[in-house]
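**Q** Going line by line, the protein sequences match chains A and B. Throughout, the working numbering is defined as the position within the first sequence, counted from one, plus 3. Throughout, the working numbering is defined as the position within the second sequence, counted from one, plus 3.
The set of hints was computed from the structure by calculation and includes no laboratory data. C-beta: ideal position from N, C-alpha, C; glycine also. Incorrect hints may have been included.
Said to hold, decoys possible - Pulled a few chain B residues facing chain A out of the computed Cβ check, cut under 8 Å:
id	residue
1	Pro49
2	Val214
3	Leu218
4	Glu265
5	Ala294
6	Ala295
7	Ile298
Stated by the list, open to error - Restraint ranges, calculated between C-beta atoms of paired labels, are given here:
id	chain 1	residue 1	chain 2	residue 2	range
8	B	Thr275	A	Glu201	42 to 48 Å
9	B	Ala229	A	His36	58 to 64 Å
10	B	Asp271	A	Gln302	18 to 24 Å
11	A	Phe240	B	Glu102	50 to 56 Å
12	A	Lys14	B	Glu201	41 to 47 Å
13	A	Leu5	B	Ile281	24 to 30 Å
14	B	Phe240	A	Gln225	48 to 54 Å
15	A	His253	B	His276	20 to 26 Å
16	A	Glu232	B	Phe240	55 to 61 Å
17	A	His253	B	Gln278	17 to 23 Å
There are 2 protein chains.
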Amino acid sequence: MLRGDRVALAKLISRIENNASDVASIMAAIYPHVGRAKTIGVTGPPGAGKSTLVDRLVERSRKRGDSVGVVAVDPSSPFSGGAILGDRIRMQDHCLDPEVFIRSLSTRGRRGGLARASRQVAHLLDAFGKDTIFIETVGVGQTELDIMELARTVIVVLVPEAGDTVQVMKAGLLEIAHVFIVNKADRDGAMRMQTELEMMLQLHPEAAWTVPVLLTEAANDQGIDAVMEAVERHGTFQTSDTVTQHAPDHRVHEFLEVLGEELRARVDRVGTHRQDLIERVRRGDIDPYSAALEILQDQRALTEILGADE
Amino acid sequence: MLRGDRVALAKLISRIENNASDVASIMAAIYPHVGRAKTIGVTGPPGAGKSTLVDRLVERSRKRGDSVGVVAVDPSSPFSGGAILGDRIRMQDHCLDPEVFIRSLSTRGRRGGLARASRQVAHLLDAFGKDTIFIETVGVGQTELDIMELARTVIVVLVPEAGDTVQVMKAGLLEIAHVFIVNKADRDGAMRMQTELEMMLQLHPEAAWTVPVLLTEAANDQGIDAVMEAVERHGTFQTSDTVTQHAPDHRVHEFLEVLGEELRARVDRVGTHRQDLIERVRRGDIDPYSAALEILQDQRALTEILGADE
Numbered sequence: 004m005l006r007g008d009r010v011a012l013a014k015l016i017s018r019i020e021n022n023a024s025d026v027a028s029i030m031a032a033i034y035p036h037v038g039r040a041k042t043i044g045v046t047g048p049p050g051a052g053k054s055t056l057v058d059r060l061v062e063r064s065r066k067r068g069d070s071v072g073v074v075a076v077d078p079s080s081p082f083s084g085g086a087i088l089g090d091r092i093r094m095q096d097h098c099l100d101p102e103v104f105i106r107s108l109s110t111r112g113r114r115g116g117l118a119r120a121s122r123q124v125a126h127l128l129d130a131f132g133k134d135t136i137f138i139e140t141v142g143v144g145q146t147e148l149d150i151m152e153l154a155r156t157v158i159v160v161l162v163p164e165a166g167d168t169v170q171v172m173k174a175g176l177l178e179i180a181h182v183f184i185v186n187k188a189d190r191d192g193a194m195r196m197q198t199e200l201e202m203m204l205q206l207h208p209e210a211a212w213t214v215p216v217l218l219t220e221a222a223n224d225q226g227i228d229a230v231m232e233a234v235e236r237h238g239t240f241q242t243s244d245t246v247t248q249h250a251p252d253h254r255v256h257e258f259l260e261v262l263g264e265e266l267r268a269r270v271d272r273v274g275t276h277r278q279d280l281i282e283r284v285r286r287g288d289i290d291p292y293s294a295a296l297e298i299l300q301d302q303r304a305l306t307e308i309l310g311a312d313e
Numbered sequence: 004m005l006r007g008d009r010v011a012l013a014k015l016i017s018r019i020e021n022n023a024s025d026v027a028s029i030m031a032a033i034y035p036h037v038g039r040a041k042t043i044g045v046t047g048p049p050g051a052g053k054s055t056l057v058d059r060l061v062e063r064s065r066k067r068g069d070s071v072g073v074v075a076v077d078p079s080s081p082f083s084g085g086a087i088l089g090d091r092i093r094m095q096d097h098c099l100d101p102e103v104f105i106r107s108l109s110t111r112g113r114r115g116g117l118a119r120a121s122r123q124v125a126h127l128l129d130a131f132g133k134d135t136i137f138i139e140t141v142g143v144g145q146t147e148l149d150i151m152e153l154a155r156t157v158i159v160v161l162v163p164e165a166g167d168t169v170q171v172m173k174a175g176l177l178e179i180a181h182v183f184i185v186n187k188a189d190r191d192g193a194m195r196m197q198t199e200l201e202m203m204l205q206l207h208p209e210a211a212w213t214v215p216v217l218l219t220e221a222a223n224d225q226g227i228d229a230v231m232e233a234v235e236r237h238g239t240f241q242t243s244d245t246v247t248q249h250a251p252d253h254r255v256h257e258f259l260e261v262l263g264e265e266l267r268a269r270v271d272r273v274g275t276h277r278q279d280l281i282e283r284v285r286r287g288d289i290d291p292y293s294a295a296l297e298i299l300q301d302q303r304a305l306t307e308i309l310g311a312d313e
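Only chain A is shown next, with the shape it has when bound in the complex (with noise of 0.2 Å):
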């Protein structure tokens, strides 16, 4: 992969998708590679044109001669297991072009970790050499904003038909933004929104950076050349201050996440010992909680089911 083999990193990539036992090797073995990329994240309701957004500004650092990749990240339904990848049709002119990396990320019936993969998967596209990583993710719940954590510059994209700013602040969007865009911006509302946003963004005490609030018609071409002028301004900005002071904290983040997630995956190992306890709970004999309790406070129990590795 370190030598640019695309195939070993989409199978690595699998890998992490399917939280396989030895993703912490593999990331300990990459991780010297890793911090060279500029990872742009986007992020905002359905409906706001992410994808075409993203589509636009792969293009731009194309022409710039950058190597990009890109992890979507669709919050597939729990039910069906599928993401639509419709978006990513949209895509297709890049996906001939080798420099050009394009990945979906979906949860697949998981629970959570979709913020653990995405960040990993982010990584091994930086050690892999992409000169620019855009992170996009449909919606705007809190596993968003975490997925969001782990972009150097944060694009916030908005319509005017979202609702009101104050729902812009419900969804925590106001934090998170480096950069606003009001897009589809040929609509009724837009130039409002824009003011709103601003007004906002004014009575936010966070000086240092000045959130630039941009109009554009993704679909149409117009206003990207802005976006990405503010991007590469808010990465000079970002190297020069923010980044350096909070990279230790990051790590040490990141070192209790990834093993408190495969603390928590070894739960699956219940069903090898505890099949007894899983049937009794099935049956009703035991509630959930005192059956956790029953194996939370028996060493041999805890032992076994979170052994070492040999």
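Given chain A, put chain B in place with the hints provided.
**A** Using the frame of chain A, we list chain B on its own:
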């Protein structure tokens, strides 16, 4: 709490929100009293008018003589840590009614666990004796979908401006809805959206329950009785069918989830037992993944960190 003490209820909910170490014991104690309440989930994109709708539904439920609980899940910003509770101000009338208990849950900077906390608070309100429990989530991310799994009947609220119906599919809402509502139905496009949703639902294989698509204007109190009627009908349908079939799986899922969360939470003990390792990660002397492996491959460290409750 089981004797109807509201202060005791509020205290227990706080313990759950803070994921206190005795949550499993609390839940084990109340579990025998869980299962009587009707749980109704209300979700949809920000700005769809969910809170107003819930407000109306609470009013109707009270008129029938039901006691009511409301769990409102706000995806608070991971940065500011505060939820914006403006919507809840509309609930003030109900606040004076001792038979209505309203609680907003937010992430408060904690990662994940919101689905767990929501489920447990709903269990508490159920055991407390509430007849009907509304669970309202803001946003349409994976966390929100997880939360909706715990409701017996799920209402998905949309507005004509919410984007085309493909967005509904992308957000995974089609599969979780038992009742669709197009709110703010006095606006342009409401009936077109209704028709589109009905067409999409016809493509859907699950034929046992026909998902109704209802038009409402919650702000003007229009169409609410039809929603109540649809929820009632679905409740009857559920009781006779799926709930009883799925309950054993749900219990096992809840068992593994609470155990997994507890094991994950114990990662905090690394701070006590291996402060040295955290310092090495902070300084960059070891990468986060190698540090995680160091713990995972060391039985003594694991036992210290994960040791059984005394």
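**Q** Each hint needs a verdict: does it hold in this structure or not?
**A** The hints, checked one at a time:
1. Look at Pro49(B): its Cβ gets to within about 4 Å of chain A, closer than 8 Å, so that hint holds up.
2. The beta carbon of Val214(B) comes no nearer than 13 Å to any beta carbon in chain A, farther than 8 Å, and the hint placing it at the interface is violated.
3. Because the smallest distance between the Cβ of Leu218(B) and any Cβ of chain A comes to about 19 Å, over 8 Å, the interface hint for this residue is violated.
4. With 8 Å as the threshold, the beta carbon of Glu265(B) comes within range of chain A, its nearest partner Cβ sitting at about 6 Å, so the hint holds.
5. The interface hint given for Ala294(B) holds, since its Cβ lies 5 Å from the closest Cβ of chain A, which is under the 8 Å cut-off.
6. A hinted interface residue such as Ala295(B) counts as satisfied when its beta carbon comes closer than 8 Å to some beta carbon of chain A; here the least separation is about 4 Å, so the hint holds.
7. At its closest, the beta carbon of Ile298(B) sits 6 Å from a beta carbon of chain A; the interface hint therefore holds under the 8 Å criterion.
8. For Thr275(B) and Glu201(A), the hinted distance range of 42 to 48 Å is satisfied, since their beta carbons lie about 47 Å from each other.
9. Range check, Ala229(B) to His36(A): about 59 Å between beta-carbon atoms, so the 58 to 64 Å window is met.
10. Range check, Asp271(B) to Gln302(A): about 19 Å between beta-carbon atoms, so the 18 to 24 Å window is met.
11. For the pair Phe240(A) and Glu102(B), the beta carbons lie near 54 Å from each other, so the given range of 50 to 56 Å is met.
12. Between Lys14(A) and Glu201(B) the beta carbon distance is about 43 Å. The supplied range of 41 to 47 Å therefore holds.
13. The hint said 24 to 30 Å for the Cβ distance between Leu5(A) and Ile281(B), and at roughly 28 Å that hint holds.
14. Taken as a hint, the range 48 to 54 Å holds for the pair Phe240(B) and Gln225(A), whose Cβ atoms sit roughly 50 Å apart.
15. In this structure the supplied range 20 to 26 Å holds for His253(A) paired with His276(B), their Cβ-Cβ distance being about 22 Å.
16. A hinted range of 55 to 61 Å for the beta carbons of Glu232(A) and Phe240(B) is consistent with their spacing of about 56 Å.
17. Checked against the given bound of 17 to 23 Å, the beta carbons of His253(A) and Gln278(B), roughly 18 Å apart, stay inside it.
Of the numbered hints stated above, those contradicted by the structure are hints 2 and 3, listed in ascending order.
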